[in-house]
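Asker: Heads up: the sequence shown runs through residues 1 to 512, numbered per my numbering.
Hints were generated in silico from the structure; no laboratory data involved. Everything numeric in this text was worked out from a predicted model, so none of it was measured. Accuracy of the hints is not assured; some may be wrong.
SDA-like, lysine to any residue: derived pairs with alpha carbons at most 20 Å apart [what the hints assert, rightly or not]:
| hint | residue 1 | residue 2 |
| --- | --- | --- |
| 1 | K186 | R150 |
| 2 | K350 | P374 |
| 3 | K301 | S349 |
| 4 | K432 | C387 |
| 5 | K432 | P377 |
| 6 | K186 | R246 |
| 7 | K432 | E260 |
| 8 | K302 | W264 |
| 9 | K432 | H388 |
| 10 | K186 | G174 |
| 11 | K308 | H388 |
| 12 | K308 | Y376 |
| 13 | K302 | P253 |
| 14 | K308 | V431 |
| 15 | K308 | A361 |
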Amino acid sequence: LPWETWVDSAGSVSVLVAPLEVRVLVPAPVLKVPPVVTDVLPAHDARVRRRPDDSKEKQQLLNVTVRFDRPVDLAHAEASARLDGKQALGDGSNGFRCSAPVPSISGSGCLQITLSVDLGSLSEGPHIVEVSEGVPAAEDDGLPTAVVFRSTFTVVFEDEGVLTSTGRTHEQPGLICNYLTQLCHKARGAEWLRIRNTGASWTPWQKYEDVTDWQAEPGRAVLVQYHSQGSSSYLVGDCVLGGGKRCYAQYHPEMFLRTEDNDWGIKDEGRMMLVNHFTWAVNVSFDSFTRAKFAPFPNWKKSYGKMKARDMHYALPSYDPRHTTYSPEPWHDGTESIRQWMLDGGHWSKHESIASGSESALPFWLSHLCNQDPPYPAGYSDLDWQCHRYTDSQDLDWCASVGEDEHFVYTVNNRTQYMGDCGECDCCRKVKPFSRSETNRTCCILFNDLFLNYTVTSDQSVCSMSWIAPAPPGPDYGSIWIAICMGVFWILFPCSAAVVGVARKRNHSVVA
Numbered sequence: 001l002p003w004e005t006w007v008d009s010a011g012s013v014s015v016l017v018a019p020l021e022v023r024v025l026v027p028a029p030v031l032k033v034p035p036v037v038t039d040v041l042p043a044h045d046a047r048v049r050r051r052p053d054d055s056k057e058k059q060q061l062l063n064v065t066v067r068f069d070r071p072v073d074l075a076h077a078e079a080s081a082r083l084d085g086k087q088a089l090g091d092g093s094n095g096f097r098c099s100a101p102v103p104s105i106s107g108s109g110c111l112q113i114t115l116s117v118d119l120g121s122l123s124e125g126p127h128i129v130e131v132s133e134g135v136p137a138a139e140d141d142g143l144p145t146a147v148v149f150r151s152t153f154t155v156v157f158e159d160e161g162v163l164t165s166t167g168r169t170h171e172q173p174g175l176i177c178n179y180l181t182q183l184c185h186k187a188r189g190a191e192w193l194r195i196r197n198t199g200a201s202w203t204p205w206q207k208y209e210d211v212t213d214w215q216a217e218p219g220r221a222v223l224v225q226y227h228s229q230g231s232s233s234y235l236v237g238d239c240v241l242g243g244g245k246r247c248y249a250q251y252h253p254e255m256f257l258r259t260e261d262n263d264w265g266i267k268d269e270g271r272m273m274l275v276n277h278f279t280w281a282v283n284v285s286f287d288s289f290t291r292a293k294f295a296p297f298p299n300w301k302k303s304y305g306k307m308k309a310r311d312m313h314y315a316l317p318s319y320d321p322r323h324t325t326y327s328p329e330p331w332h333d334g335t336e337s338i339r340q341w342m343l344d345g346g347h348w349s350k351h352e353s354i355a356s357g358s359e360s361a362l363p364f365w366l367s368h369l370c371n372q373d374p375p376y377p378a379g380y381s382d383l384d385w386q387c388h389r390y391t392d393s394q395d396l397d398w399c400a401s402v403g404e405d406e407h408f409v410y411t412v413n414n415r416t417q418y419m420g421d422c423g424e425c426d427c428c429r430k431v432k433p434f435s436r437s438e439t440n441r442t443c444c445i446l447f448n449d450l451f452l453n454y455t456v457t458s459d460q461s462v463c464s465m466s467w468i469a470p471a472p473p474g475p476d477y478g479s480i481w482i483a484i485c486m487g488v489f490w491i492l493f494p495c496s497a498a499v500v501g502v503a504r505k506r507n508h509s510v511v512a
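All chains should be built: construct the whole structure from the sequences, respecting the hints.
Answerer: The structure is reproduced here in structure tokens:
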């Protein structure tokens, strides 16, 4: 059968060839392919910042441009392009027009279409550029585009919102507003939202509104999750104590660090303290590697640990005569592999890692060296026996006699339930137990209950409480108490006056 592959925009072909596989390239007739969109401006997922509107008379024009790989029919191209589902917007623009006409056999070819729109007429948030399928090429083959082209860009105001913030912050001062009775959202462009108080359940998804009625509680965080353009990754929180003072937003109402050293919370509950938004901290002293888990409840209803590293074997194809003896060291997945990949790529330091909330998550290692280097690489264990694959001159006799080397303990598989993950291998191994340090060190442990990443460092200052941004300017929170007192006064004053009047009349009648 003919073999097909993709050709990139530069005309290059990339081919993945398996071991001992042969592919033959032979001349063949050139196949015509449908026209495609090769470029769009603003670029996909670009952010377009709108300048302050200093003058109502001066427009800020934005050119939305779509370019094809070859000339297409001009009329079809102009009629098939949309911005936010509309050919023309209500700002006086005439819709998409050909900005790069090209002579063709039909006499109406176009390589590029452009829409000039007043940026001030576009709302904050994402906007969609679409070109329908079926736009025919202007050449004699007349092949139409085969799929719908779709791209998005985001308009950003000076006051960035939840969907337009480049830093993607997850705490929003002023989300809780109007004396804890409403939520003032900054997520223009969102389609849906849902709300919860920390420790409570989420509401059903509801249509987005700028202001939502919601009764917040002093000192209890409120979280809002937004859905836009197929993504629900937009989440912010706010917490207000009263009097205009704010507190930390948090996903869970409390957090505990349970380790082997505190007997998994029996000797010491391991309570952690909020030191920043969604960030819990505790200082812990230990002299050896210890296993641990984060738990948001006093019981084990929920906990965060590491995903066990699974072996991923890549064998040679069966037609390779070496496939029967080919047994390389496996690749591994799991949270430790993720940590190592982020470390190797320069994205994380040796102090950072990530946890998993899966029900099958295992305890992770905490290091007395105040970093996240584990006692052994991903996929290895000092608790369970694992399969050892022979190398060089190793065989079953070697396995039975070697005992141990610098890193591992070896034994012959006796096929009992105690052989862990050794499976059907004849020779099993596990990591040698690590030794304790002569020095007891104190490490600061930080855990983010929103992203599930955590940090272990010797810098204990980062376990201190961080500054909280104040609430935005607004009504004086104290004025509500004045209003309440005045209301009570005006309710009680007529009653008090009536009671005094009745008492005075009765007093006069008795005297008379």
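Asker: Each hint: holds or not?
Answerer: Against the structure, the hints come out as follows:
| no. | hint | result |
| --- | --- | --- |
| 1 | K186 / R150 | violated, 26 Å |
| 2 | K350 / P374 | holds, 10 Å |
| 3 | K301 / S349 | violated, 31 Å |
| 4 | K432 / C387 | holds, 15 Å |
| 5 | K432 / P377 | holds, 13 Å |
| 6 | K186 / R246 | holds, 18 Å |
| 7 | K432 / E260 | holds, 19 Å |
| 8 | K302 / W264 | holds, 14 Å |
| 9 | K432 / H388 | holds, 14 Å |
| 10 | K186 / G174 | holds, 9 Å |
| 11 | K308 / H388 | holds, 18 Å |
| 12 | K308 / Y376 | holds, 13 Å |
| 13 | K302 / P253 | holds, 13 Å |
| 14 | K308 / V431 | holds, 16 Å |
| 15 | K308 / A361 | holds, 7 Å |
Of the numbered hints stated above, those contradicted by the structure are hints 1, 3, listed in ascending order.
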